[in-house]
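*Asks:* In the order they appear, the protein sequences are chains A and B.
If you count the first sequence from 1, position 194 lands on 237 in our numbering, and the numbers rise without skipping.
If you count the second sequence from 1, position 159 lands on 185 in our numbering, and the numbers rise without skipping.
It is worth saying that the hints were derived from the structure and are not from the lab.
One should not assume that every hint holds.
Capping the alpha-carbon separation at 30 angstroms, the derived lysine-lysine pairs in DSS-like fashion look like this [said to hold, decoys possible]:
id, chain 1, residue 1, chain 2, residue 2
1, A, K57, B, K29
2, A, K119, B, K29
3, A, K248, B, K28
4, B, K111, A, K248
5, B, K115, B, K29
6, A, K134, B, K271
7, A, K136, B, K271
8, B, K111, A, K320
9, A, K320, B, K115
10, B, K282, A, K248
11, A, K119, B, K115
12, B, K74, A, K136
13, B, K111, A, K134
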Amino acid sequence: MVQLNTKIGSLELKNPVMTASGTFGYGTEYSDFMDISRLGAIIVKGTTLAPRQGNPYPRMAETPSGMLNAVGLQNKGVDYFVDHIYPEVRKIKTNIIVNVSGSCIDDYVQTAGIINTLDDIPAIELNISCPNVKQGGMAFGVKPESAAQVVSAVRKAYDKTLIVKLSPNVTDITEIARAVEGAGADSVSLINTMLGMAIDAERRKPILSTITGGMSGPAVKPVALRMVWQTAKAVKIPVIGLGGICSATDAIEFLLAGASAIQIGTANFIDPSISEKVIDGIADYLQRHGFNSVQDIIGALETN
Amino acid sequence: MKKYQTDMVVLDNRMVGSSATLLTLQFPGTLPDMIAGQFAELQVPSAKVLLRRPISIHAIDREKNLVEFLIQIVGQGTESLAAAKPGDKINVLLPLGNGFGYRTTHVAKPLLIGGGVGVAPLLFLGQEFAEHGIRPTFLFGGRNESLILRKEEFQKYGDLFMTTEDGSAGEKGFVTNHSLLLDSENFDRIYACGPTPMLKAVAKWAKEHETVCEVSLEHRMACGIGACLCCVEDTADQGNVCVCKEGPVFEIERLKWFN
């Protein structure tokens, strides 16, 4: 048997496959289609201090090999999560990670502080990269100074594993990664969606209610892979890779590029049992190539 | 209700009218329970199309374990589905969504209103009423006669009335102008599916005549199971909710546009 287990800071994962925030609900939406407890972790929907209605419909456009979304962090707020969702998700026998978002530093700090008290949530993923909200979100994640500021403020209020999700909508993602590493992040996950746009030529109107939205899916994979490779060389903390992963081969490419774990996002919409297939596919690959552990392929890209 | 992900085999796929296809798929094993108004997410057999297509269940055959889909061809996804050949396999998620509320409410005189391909889920609903000894009334509208699909099939289960904008079949005008609606006592509940302007006109009529009305919405979806939050509709009681999970059928009182 090959070893699939990996670590993100002090967080132990039984395998490197996680599901990305906003693409897997609270996990239970998928339990008719697969055994969700097999996942390394489930990252649940972006949670904010106050409830958010999100953006008006239409929020989604399909694009060649990808999609745009403009959901805008719709969620019922952290108190509702604690009272109604946490008691259910804590029963799932894998790591449940909460994605935390906010419009100002104090929002992030308060939300993270509340989640810090939940015994069965071993980590948060700080979302400083949502392109779909007017205030905050991505605004924090596009400058090293503001990224570091929000991360160090949250670090003081949160003592478990702190993952920071980075935006690809920047000139140099390694600069942001180094800044959040310096501010106390245990890990970075990348990439969040790329800012994009779709137009209905017949109606001469944008397809999304917000005009622009976040692009995901196989079309962004080469960009994500490049950014993960650059970032893994630039920081010492573990990197979690995501962006267009649709198969075990895609996942292995991210591991080779230096990711210690990966997330599956848009592919969950295409095949709701894909993450289970990716876990099995990674094990097959390791066996086929004579590796004992997934650790043997992390960052094992041969460039000369 | 348990949801299934399975490969289904194409038994038949043929054009109905000039821009719709009737796709018949074989379920492997015993067909699970499903409610009229529910839908399926069909994987598109084309590398050019990424997302599944949400298609309402048009009819089922419980003896042969078949599911029929009436699909309007509107773009690359539905074109590829229309091109599927007998023997091909299509990966399907089903049954999804809530369906019409006929199993939990007593109805004696149902009126099923459809516009365009919005008639699709109403055949299954008609089947269900007929099985319970209730003869539904169908009222369908379209721009012309050729756009009112599968008339003979509907007539097996109930009485079919039509309106067309050019007067080529039934009464000239929109469904809400039909003489059938002159006496609101004729019906105790309306089930409607079709373009939004039609649904709004039907909802307005229902409100004026104090008739309970359920409408089935067609929104752009990604996951189909309430995970991505893309297909939302604004409701009076809960704000934005997923049409794929809380719907696609809503009693009109819940909808913000109605209030």
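*Asks:* Would the pair A:K134 and B:K271 pass a check requiring their Cα atoms to be no farther apart than 30 angstroms?
*Replies:* At roughly 23 angstroms apart (the allowed maximum being 30 angstroms), B:K271 and A:K134 satisfy the hint.
*Asks:* Mind checking the alpha carbons of B:K111 and A:K134 for me, to see if they're no more than 30 angstroms apart?
*Replies:* violated, 44 angstroms
*Asks:* Does A:K248 sit within 30 angstroms of B:K282, going by the straight-line distance between their CA atoms?
*Replies:* holds, 24 angstroms
*Asks:* Are B:K74 and A:K136 close enough, with their CA atoms no more than 30 angstroms apart?
*Replies:* Outside the cut-off at roughly 37 angstroms; violated.
*Asks:* So if I understand the rule, the pair passes when the alpha-carbon distance is 30 angstroms or less; does A:K119 with B:K115 pass?
*Replies:* violated, 40 angstroms
*Asks:* Is the hinted pair B:K115 and B:K29 satisfied, with a Cα-Cα distance of at most 30 angstroms?
*Replies:* Satisfied, since the Cα-Cα distance of roughly 19 angstroms is no more than 30 angstroms.
*Asks:* Is A:K136 within 30 angstroms of B:K271, Cα to Cα?
*Replies:* holds, 25 angstroms
*Asks:* Are the Cα positions of A:K320 and B:K115 separated by 30 angstroms at most?
*Replies:* holds, 19 angstroms
*Asks:* B:K111 and A:K248 were given as a pair; does the straight-line alpha-carbon distance stay at or below 30 angstroms?
*Replies:* Given pair B:K111, A:K248 is violated - Cα atoms ~36 angstroms apart, limit 30 angstroms.
*Asks:* Does A:K320 sit within 30 angstroms of B:K111, going by the straight-line distance between their CA atoms?
*Replies:* Distance of about 28 angstroms is within 30 angstroms: holds.
*Asks:* Verify the proposed pairing of A:K57 with B:K29, using a straight-line Cα cut of 30 angstroms.
*Replies:* At roughly 27 angstroms apart (the allowed maximum being 30 angstroms), B:K29 and A:K57 satisfy the hint.
*Asks:* Hey, A:K119 versus B:K29, does the alpha-carbon distance stay inside 30 angstroms?
*Replies:* Holds, at roughly 25 angstroms.
Hint compliance for this structure: hints 3, 4, 11, 12 and 13 are broken, all remaining hints hold.
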